[in-house]
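Peer 1: As a plain string of letters, each chain reads:
Number of protein chains: 4
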Amino acid sequence: MFSKKTDLAVETRELYQEQKQQEIPGVRVDVTEEGDIKITRVEIFEKKGAEIMGKPMGNYITLEAPGIKKRDKDLFENVSRTLARELSRISRTDTDSTTLVVGLGNWNVTPDSLGPEVTDSLMITRHVFEYLPEQVDEGVTPVCAISPGVLGITGIETGEIIQGVVSRVKPDRVVAIDALASRKMERVSTTIQIADTGISPGSGVGSGRKELSRETLGVPVIAIGVPTVVDAATMANDVIDKMVDAMIQQAHKGQEFFEVLRNMQEEEKYTLIKEVLNPYVGNLVVTPKEIDQLIKDISGILANGLNIFLHPSVDPKDVDRYIN
Amino acid sequence: MFSKKTDLAVETRELYQEQKQQEIPGVRVDVTEEGDIKITRVEIFEKKGAEIMGKPMGNYITLEAPGIKKRDKDLFENVSRTLARELSRISRTDTDSTTLVVGLGNWNVTPDSLGPEVTDSLMITRHVFEYLPEQVDEGVTPVCAISPGVLGITGIETGEIIQGVVSRVKPDRVVAIDALASRKMERVSTTIQIADTGISPGSGVGSGRKELSRETLGVPVIAIGVPTVVDAATMANDVIDKMVDAMIQQAHKGQEFFEVLRNMQEEEKYTLIKEVLNPYVGNLVVTPKEIDQLIKDISGILANGLNIFLHPSVDPKDVDRYIN
Amino acid sequence: MFSKKTDLAVETRELYQEQKQQEIPGVRVDVTEEGDIKITRVEIFEKKGAEIMGKPMGNYITLEAPGIKKRDKDLFENVSRTLARELSRISRTDTDSTTLVVGLGNWNVTPDSLGPEVTDSLMITRHVFEYLPEQVDEGVTPVCAISPGVLGITGIETGEIIQGVVSRVKPDRVVAIDALASRKMERVSTTIQIADTGISPGSGVGSGRKELSRETLGVPVIAIGVPTVVDAATMANDVIDKMVDAMIQQAHKGQEFFEVLRNMQEEEKYTLIKEVLNPYVGNLVVTPKEIDQLIKDISGILANGLNIFLHPSVDPKDVDRYIN
Amino acid sequence: MFSKKTDLAVETRELYQEQKQQEIPGVRVDVTEEGDIKITRVEIFEKKGAEIMGKPMGNYITLEAPGIKKRDKDLFENVSRTLARELSRISRTDTDSTTLVVGLGNWNVTPDSLGPEVTDSLMITRHVFEYLPEQVDEGVTPVCAISPGVLGITGIETGEIIQGVVSRVKPDRVVAIDALASRKMERVSTTIQIADTGISPGSGVGSGRKELSRETLGVPVIAIGVPTVVDAATMANDVIDKMVDAMIQQAHKGQEFFEVLRNMQEEEKYTLIKEVLNPYVGNLVVTPKEIDQLIKDISGILANGLNIFLHPSVDPKDVDRYIN
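Protein chains in written order, with the numbering used here: chain A, 32 to 355; chain B, 32 to 355; chain C, 32 to 355; chain D, 32 to 355.
Just so you know, the hints here were simulated from the structure itself, not pulled from any lab data. Accuracy of the hints is not assured; some may be wrong.
You can't tell identical chains apart in this list, so a pair holds if it fits in one copy or across any two.
SDA-like, lysine to any residue: derived pairs with alpha carbons at most 25 Å apart [said to hold, decoys possible]: (1) K201 <-> Q166; (2) K104 <-> D151; (3) K241 <-> P87; (4) K101 <-> E161.
Let's have the full structure, built from the sequences with the hints guiding it.
Peer 2: In structure tokens form, the structure reads like this:
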């Protein structure tokens with residue numbers, strides 16, 4: 032129904048509201064602002080809501096902090112702390128339960144390298160618990176991590192690799208990090224979505240990912256995603272919408288006719304754009320020019336947030352010395 | 032006049048012809064095809080042509096090889112050899128004349144890193160001529176290279192750095208490599224433009240570059256450029272044009288009205304799109320998802336072509352052993 | 032018995048011969064030279080030989096090509112082809128059997144990054160067999176690959192990850208790539224060892240690796256290793272040995288006394304050096320300064336060799352287009 | 032006289048004292064400890080001292096903080112602040128004087144990449160002073176930076192490039208960052224030397240560097256160096272020394288004879304080792320295995336120290352947003 036490419040629950044809801052002018056049934060929404068961070072908690076609590084949203088029932092928490100682009104270190108730290116706090120609302124850690132963090136995506140493609148970048152900066156401790164338990168500091172929990180690569184690199188479904196590792200490591204919880212597509216350029220690298228429902232098939236910047244969830248892995252799966260691209264067709268669509276609005280406002284001659292364009296079915300228009308963009312679609316991405324730097328910043332924020340969540344007593348500034 | 036962002040002479044000419052249905056006065060054009068490579072030689076020989084094209088008088092040679100995207104190694108080699116041959120048509124090398132290759136662009140921004148990538152793979156020999164002249168192989172000419180970075184990295188105008196180096200090294204020729212913007216996504220990483228007129232101010236993926244030419248450097252400057260991005264506004268514009276055409280063809284209701292859009296002044300429409308895309312414009316780039324790989328491939332092709340041009344007697348497969 | 036740090040069967044044998052002046056019992060050795068490549072095939076066929084060598088019974092083939100350091104591309108190709116041929120002597124590939132290539136080592140530590148570098152350049156095909164079997168070219172076999180990282184990065188034993196993946200993928204053969212330690216600096220990046228006995232515990236540049244063998248994985252394991260470091264204690268030891276020899280030859284006064292040093296038990300001397308080097312030992316490595324380049328070269332040679340072995344009908348120069 | 036490879040004034044002095052049991056004439060030394068940082072200020076104030084030390088007259092300040100290897104972030108920050116303070120003792124910055132920072136070394140060779148890594152993390156402001164002077168914050172001074180590469184990469188003497196840039200930029204001060212060789216492994220990445228005498232010819236990890244000093248550049252040159260390697264011959268020599276001591280202490284039979292070795296002329300012994308290590312010498316380096324990480328850490332410390340020194344009113348944690 033809402034076929035424009037978005038992985039964010041907040042965007043699906045926005046699209047619905049724009050068209051229907053009402054809240055989605057079976058969905059509860061709570062919005063708060065804390066300093067420069069906007070927190071939207073979407074709970075899909077009924078099947079009907081899940082159908083409309085195209086996402087499983089559960090919690091979808093979104094942190095929006097546009098200031099991240101200005102590289103303010105205090106905001107970086109606040110976002111990390113807020114992320115840790117929101118994670119601890121939907122999942123609990125203790126020294127007896129092991130967390131496996133999975134960094135999804137392709138390390139050779141900048142906007143898809145978010146997951147591997149995050150796992151690289153985590154404080155990994157499971158092996159210390161196993162081999163040198165007396166050296167474990169208080170307030171640290173067992174954490175291990177893997178970046179399984181993508182199908183084109185390994186020839187193996189990401190889901191298969193993770194299932195294989197889970198069957199050996201037997202973690203109590205999986206946290207999966209993924210790069211997402213957004214409808215809006217301003218969300219790239221500034222919005223973080225947490226979901227306690229895992230990863231749906233086909234989400235993410237890389238197409239064709241398999242489901243990672245309690246159903247497929249046998250343990251709870253928390254997904255953390257950040258938009259790193261806008262799909263080119265979506266952007267073109269948004270540009271046309273805004274342009275038609277602008278032309279009407281500017282009282283261009285022929286104003287009544289543009290209404291035709293505005294009143295076209297969304298679906299029809301999007302399909303037309305895709306045809307026009309063909310053969311690029313699926314390969315083209317729109318990113319800010321400084322995407323390399325943005326990925327570094329946001330992956331640092333995610334890693335810090337996870338380190339605070341998973342090792343509550345460790346001072347964030349000392350985490351680095353535990354990192355390989 | 033032709034304000035849509037393009038650095039390619041062939042595209043400026045195309046735009047002119049689309050609108051005026053005739054060749055640009057003061058410009059000679061010669062098109063040939065060799066296997067999978069299309070070669071367009073544009074010569075601007077009169078002031079009038081230079082004014083319309085917005086480029087100085089001189090030679091602009093374009094190699095187009097869409098097959099590069101399929102990663103065919105034979106084609107890679109053919110393009111390198113064709114590049115070397117076209118270079119030797121507009122410039123001559125011998126063992127008594129030194130070439131300084133300048134790799135323009137920002138190595139931290141993937142689509143702008145073409146220049147530095149090329150200089151990294153050149154066979155550098157000037158110091159051997161200077162310190163171990165007896166070790167110089169036949170058919171090798173003195174080559175040195177520098178990647179001066181960009182203003183945001185160094186705090187120094189690229190042109191100043193190059194002038195400083197030129198004043199010391201006193202080369203007989205400068206070859207400047209740069210990443211360009213194209214109007215067409217299919218040109219990204221598949222089209223190479225050679226010009227014997229140097230680099231114009233403000234060209235390139237990075238904005239605000241200074242002129243590099245015989246006027247500013249005192250020696251001939253050959254520019255080699257490859258499109259690595261499409262500017263987002265240009266892409267949106269093209270999508271809208273194609274879409275309107277498509278709608279008219281599909282006999283949509285209101286067909287006569289879309290003609291309004293089609294008949295809008297190019298300039299007016301582009302300005303409108305820019306407003307709509309604001310505040311992104313200038314930062315947003317559209318690239319193929321696999322841009323990291325494409326930059327590696329095309330910079331290898333350029334470096335090989337330059338190595339063949341500058342060291343005619345060295346077997347390309349042995350070049351690597353000369354590379355630091 | 033032969034405790035000096037070496038992972039190479041040819042070196043263990045050399046050490047034995049230096050001391051005992053005879054061939055190791057239960058071991059067959061065959062040496063040939065082909066152009067600039069020396070091939071030593073060591074077969075341990077009796078338990079006694081295995082005990083003395085400290086390695087399991089099986090085949091150990093060593094290719095030595097010191098010319099690799101001169102970066103001669105023809106030699107690179109010859110070594111790749113010889114590697115492919117020697118691999119096909121001890122293992123057979125066909126379109127019905129799947130190969131899992133495992134790139135051992137730490138991608139953040141240059142001399143330990145050989146394995147991950149090799150898997151990055153392989154032609155991966157298993158997913159094409161699975162999802163687009165009609166697109167599979169003739170002479171291609173199903174290949175998948177994984178770089179599992181190291182304990183400090185993942186918190187998970189490498190062996191566990193591989194066992195997990197093997198249990199899902201069910202390959203017919205595992206090929207494990209690893210960086211080794213050598214006794215001799217001249218072997219770094221110029222010697223390749225192939226073994227059909229898998230990886231022994233504790234081998235490799237990274238300490239504490241677990242066994243990877245038919246016993247632990249249930250399928251044949253071919254190990255391919257290349258020395259990338261010399262351990263600092265070993266080098267110091269060799270220097271002292273050579274120095275003592277040199278001093279005696281130079282008829283230094285006190286010559287008889289140096290014989291004391293020469294006649295010290297190897298073990299005793301090595302322990303002493305280790306004490307002296309303490310607390311560095313285990314962390315210090317001796318490498319050529321240009322190790323970054325050497326790793327790139329030799330991993331390219333290995334990847335090409337494996338591509339030829341696994342996809343016999345594909346022209347090496349076209350392999351790149353299959354690589355993600 | 033003191034031919035063992037060291038670039039550190041403190042080490043030259045140590046060697047002298049070991050042999051002569053007295054302070055070098057014409058040299059003043061002041062040692063203080065502040066927390067975990069040892070500061071040694073060596074002033075060569077007479078020609079005689081300069082001759083013995085093999086270094087020009089001037090100030091050589093050494094910070095030693097072995098704790099850096101433990102990756103303690105508080106210590107990182109303390110070292111940065113101490114570096115800034117010591118720099119401001121020997122040089123003054125203000126908003127009217129421009130600093131050019133030069134990052135010496137080869138970015139493709141990990142232990143030689145210190146200089147380029149530091150310049151990459153500096154807060155560059157000269158262009159803001161020039162083009163947007165109204166946007167300059169208080170307490171910021173004009174800074175520009177360049178990493179000129181090495182002879183093998185550019186074909187141009189580093190000194191020539193810097194002279195060319197200095198002639199254009201006309202800075203009031205040059206700060207040159209360089210990777211050094213040390214005699215002692217424990218100094219690698221934990222010792223920082225500041226000198227107000229510039230860079231001497233032939234110093235640094237890369238051999239054959241030209242002099243950078245007030246004489247060659249016309250403005251004061253501050254050199255900041257950090258040992259990143261130990262030369263292999265030096266290490267072997269130290270091992271032998273320590274080993275002989277250890278053997279004597281352990282009352283090994285033949286104890287009197289080892290005294291021969293101990294009493295050999297330093298020079299004679301070093302020459303012997305070099306012969307023995309030949310043909311490796313000059314190429315072989317000994318580094319900690321985790322050198323990649325150590326370079327990142329120490330270059331961050333240097334960049335922060337320079338940012339504090341050059342932009343006294345900017346909060347270090349906000350520096351990042353000024354960086355490219």
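Peer 1: Which constraints among the numbered hints does this structure fail? Numbers only, ascending.
Peer 2: Hints that this structure does not satisfy do not exist here, as all of them hold.
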